[in-house]
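> Residue numbers (my numbering), protein chains in the order written: chain X, 1 to 520; chain H, 521 to 814; chain Z, 815 to 919.
Because the hints were derived from the structure by calculation, they are not lab data.
Model, not experiment: these values are computed from the prediction.
Wrong hints could be hidden among the right ones.
[What the hints assert, rightly or not] Heads up, simulated DSS-like pairs for lysine-lysine below, C-alpha to C-alpha not over 25 Å straight-line:
(1) Lys-724(H) to Lys-299(X)
(2) Lys-861(Z) to Lys-519(X)
(3) Lys-762(H) to Lys-473(X)
(4) Lys-254(X) to Lys-729(H)
(5) Lys-254(X) to Lys-724(H)
(6) Lys-904(Z) to Lys-636(H)
(7) Lys-729(H) to Lys-299(X)
(8) Lys-861(Z) to Lys-904(Z)
(9) Lys-690(H) to Lys-254(X)
[As the list claims (entries may be wrong)] Chain H residues, not near chain Z, derived (Cβ > 12 Å throughout):
(10) Gly-592
(11) Arg-607
(12) Glu-619
(13) Leu-693
(14) Glu-694
(15) Glu-725
(16) Met-728
(17) Lys-735
(18) Gly-738
(19) Ser-760
(20) Arg-799
[Unchecked claim] Covered stretches of chain X, going by a simulated chain Z footprint (3 or more residues, C-beta under 8 Å):
(21) 194-204
(22) 386-397
(23) 418-432
Backbone N, C-alpha and C fix where the C-beta goes; we use that ideal spot for every residue, glycine too.
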Amino acid sequence: MINAVGRELPEKIGSYVVKPFLGTGLAKDDYGPVVSNRRPTLKPASGTKLVATLEDAIKASGLQDGMTISFHHCFREGDKIIGQVLTAIRNLGIKNLRFAPSAVVNVKNPSVVEFVKDGTISRIEASGIRGELGDAVINGDIELDEPVILRPHGARPRAIESGDLKIDVAFLGASAADEYGNATGQVGPNACGSMGYAFVDALNAAKVVIVTDNLVDYPCCPISISQQYVDFVVKVDEIGDPAKIGAGAARMTKNPRDLMIAQYTANAIAASRRFKDGFSFQTGAGAIPIAITNFLAEKMEEREIKASFALGGIPAAIIDMYEKGLVRVVACSQSFDAVAAKAIAANPGVIEIDNAVYSNIYAKGCMLDRLNFGVLGALEIDTDFNINILTGSSGEMMGGLGGGPDVADGADISVVTLPLVRGRTPSVVPKVFTLCTPGSSVAMVVTEAGIALNPAHKRYEELKEDLAAAGIKTVTIEYLCELARSIVGTPKPIETTDRVVAVVEYRDGTVIDVIRHLKR
Amino acid sequence: MGKTALKRTSLYASGASPVNLLQARFYHEDCLVYDLEDSVPIAEKDAARLLVYHLVKYQRPTDKYVLIRVNGIYSEFIDEDLEAAVRACPDAIRIPKVEYANEVKRIAERITEIEKKAGLPVGKIELWCNIESYLGALNAREIAEADPRVVALALGAEDYTASLRATRTKEGLEIFYARNLVLTACRAAGVEAIDAVFSDINDKEGLMKDVALSKNLGFDGKTVVHPRQVDVVNAAFTPSAKEIRYAKRVLDAVEEGKREGKGAVTLDGSMIDKPMELRARTTLAQADAAGIAY
Amino acid sequence: MEIRKTAVAGTLESSDIMVTIRPNPGKGLQIELESVVLSMFGDEIRKTVEEVVSSFGIEDAVVELQDKGAIDCVIRARVSAAICRAAETKFDWSAFDPENGREEA
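Please model the entire structure based on the sequences and the hints provided.
In structure tokens:
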């Protein structure tokens, strides 16, 4: 069958029944009552939830072959929990697990691939599987019976609460915790800041294990994950590498191309009628977003306006705006560096939020629905403004879905920023390889070669008027696509087999695209 | 987008770096200078020459004035540089360290020979002469008038001040005389005057002051060394809305005076003289070139 | 033209290509290609390199390419530079002038 964005999909992949994407704004309005694995549970007879080792915690949790385990990715590339837990599970001989972290970060030594190869893991569901695991899946180095299910952040809470993804044991890393299970990521030597991606797991898993390297006196303060959801606490030597969890504040890029893209973006946002006192925005992390954040701060000071809130994954640049009084509330679903990680405990207006509050489309309204401006990165965009954030130019796994599809859909004005070409790889193409975010939800794209507005976006006329009034020139997406082609040439199309290795879900749980095994 | 008639900014891109050469087309400079001289190490001159030739020939930006800066007239590289540069067909070749008119004549003749051999239209490639020494400055008018190909002189302050034994400062008093000398020569010869680089790429305020001085002195544009300087310099050489409005009123008053056969025309109580009219015409020509509607 | 010695042109920076040319007497043209855009442009890069090499009248050479995403005309420039260095000769700029009647690769 063919879905609303023209992608050819099988009816069924393994046991996964495909519900085709019908279009933005057409999400099914009833998924039935919330399904949870959480059990009403008495206090532990021993008076403590502390267990000696990860093996003990796994045994106590009742983990069996074929069950589902989950993790959060708030420690990013610095995570040392996933490797330790999987090793302990392997030592106990438990097999065929469904591995369902909020995202697979590129953990090495050991790599997740090893646990797939030895049969510890047989199914994977996450927002992205970049790195070794992704390459192994897409190249067919590892063969799974079920497709990998990739969900944007806004789809995972729904998948859990609707029963599509029932979690048996959640292993949740915390940089500080007490023996009764109160835990946080905001303090301690390995602080990661917001634990936004851990809440839905804590609320709905059958058993919850807190893994920490920093046991504190009862009660832990602040409390992010409350003791009422926690079954066991384990202390390990090290939960992460602080340098990789959150390096210091990223310096403003000096790359003149990135600065130019950032300046164009800030100019376009400032030209909008929605850029006024009390507006809201999400810019994200990375060289271009941080430069955009800094340029926006300049514009806000010039116009003497303040934002009501900044949302999402938060870098130091946003905290800097908060400290200057330019933003009233900073709502962190994630903290991208050490400055942002520590800012939550230090500032009343910098708050930790549950990912479901941030992005869940089935949360009676989430915070990103209230965004005026959302800035997104992308690997590719096509002439229909569809975005690919998963696969690179050779078809390799390059990124995760993250909250991109959610922000594009929720924000009044979504802006995709990317360089026209990266080396010889074109970023503006006739047709994206993997479609992750539908073009109808993308208002404009900004490159160093100009800004293109999407005529199919609901705010096209408004934006066209506002940009024209500010004297900002625009180009067409077709012009950008042809310019990129004239520079790099026409790439040979990526060849795939018919075998589907991954499903890309949209935020409403329908299938927007699939990823097929690469022909080599 | 058509090619600009403006020469507000000319940005150097190093012939040693493909990524710099490819990126440079996306900044807002009016003139893009593909450099074979100072930014290319001696051992890479051959490779840079081939790189610049191929990029100008096959990836030339259509909305910019394209130049190739060749190596010095007395360097071992000049012959091959000219062979390559002429065949790449840029808008202009920029010659460093020009001191005498006969140097320009020799280069122009050499270009004509290559154009003929290569079957290219003769005389199409223009010349920019860099004035980078006291001799160049003193001979500026003859250099500017040496050959019809010469369309601009560009002051190079670093080498010039070194030749004088002067100290280069941000304020630039040491180049004040050379600026005036070059500018006056350009006006006399009817060519464009391009001011020297402001070297500190991190000092935006210093650059703004320096380019304001360039503009007030009468220069048509300025060489820039970093993409970050481009927008500031362009802005300084683009007339403001207020300047355009005033120029328009001056010229409207002049027109009205002509129609009514008045000898003297006044605006806001003061008489409009010839210099005022000339300045107004220059302002509107600059606005036209920058594509500003008024 | 003959490859006399091993020579290198280009760098390993993004958008560049490092070309190493070695003599390969009597054994024809051998191209070894590593590229960050291999699946997209591998065939085209080989074709370009073959064209440029043959435009110099070279039949025997080992051409080793480490490509960091160079576009076509950069590859042509870098291969030409490496050939001239390896053949210890200057590039003949007049080779494609009308009087010489040859087509540029």
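> Are the hints correct? Go through all of them and say.
Hint check:
1. Lys-724(H) to Lys-299(X): This hinted pair holds, its Cα atoms lying about 17 Å apart.
2. Lys-861(Z) to Lys-519(X): holds, 22 Å
3. Lys-762(H) to Lys-473(X): holds, 22 Å
4. Lys-254(X) to Lys-729(H): holds, 23 Å
5. Lys-254(X) to Lys-724(H): holds, 14 Å
6. Lys-904(Z) to Lys-636(H): holds, 21 Å
7. Lys-729(H) to Lys-299(X): Holds, at about 23 Å.
8. Lys-861(Z) to Lys-904(Z): holds, 24 Å
9. Lys-690(H) to Lys-254(X): holds, 23 Å
10. Gly-592: holds, 19 Å
11. Arg-607: violated, 6 Å
12. Glu-619: Fine: 27 Å to the nearest Cβ keeps Glu-619(H) off the interface.
13. Leu-693: holds, 40 Å
14. Glu-694: holds, 37 Å
15. Glu-725: Given that every Cβ of chain Z is farther than 12 Å from that of Glu-725(H), nearest at about 33 Å, it holds.
16. Met-728: holds, 32 Å
17. Lys-735: It holds; Lys-735(H) is separated from chain Z by about 35 Å at its closest Cβ, greater than 12 Å.
18. Gly-738: holds, 39 Å
19. Ser-760: At roughly 38 Å from the nearest Cβ of chain Z, Ser-760(H) sits farther out than 12 Å, so the non-interface label holds.
20. Arg-799: Holds, because the least Cβ-Cβ distance between Arg-799(H) and chain Z comes to about 45 Å, which exceeds 12 Å.
21. 194-204: With 0 residues close enough to chain Z, the hint is violated.
22. 386-397: holds (count 3)
23. 418-432: holds (count 4)
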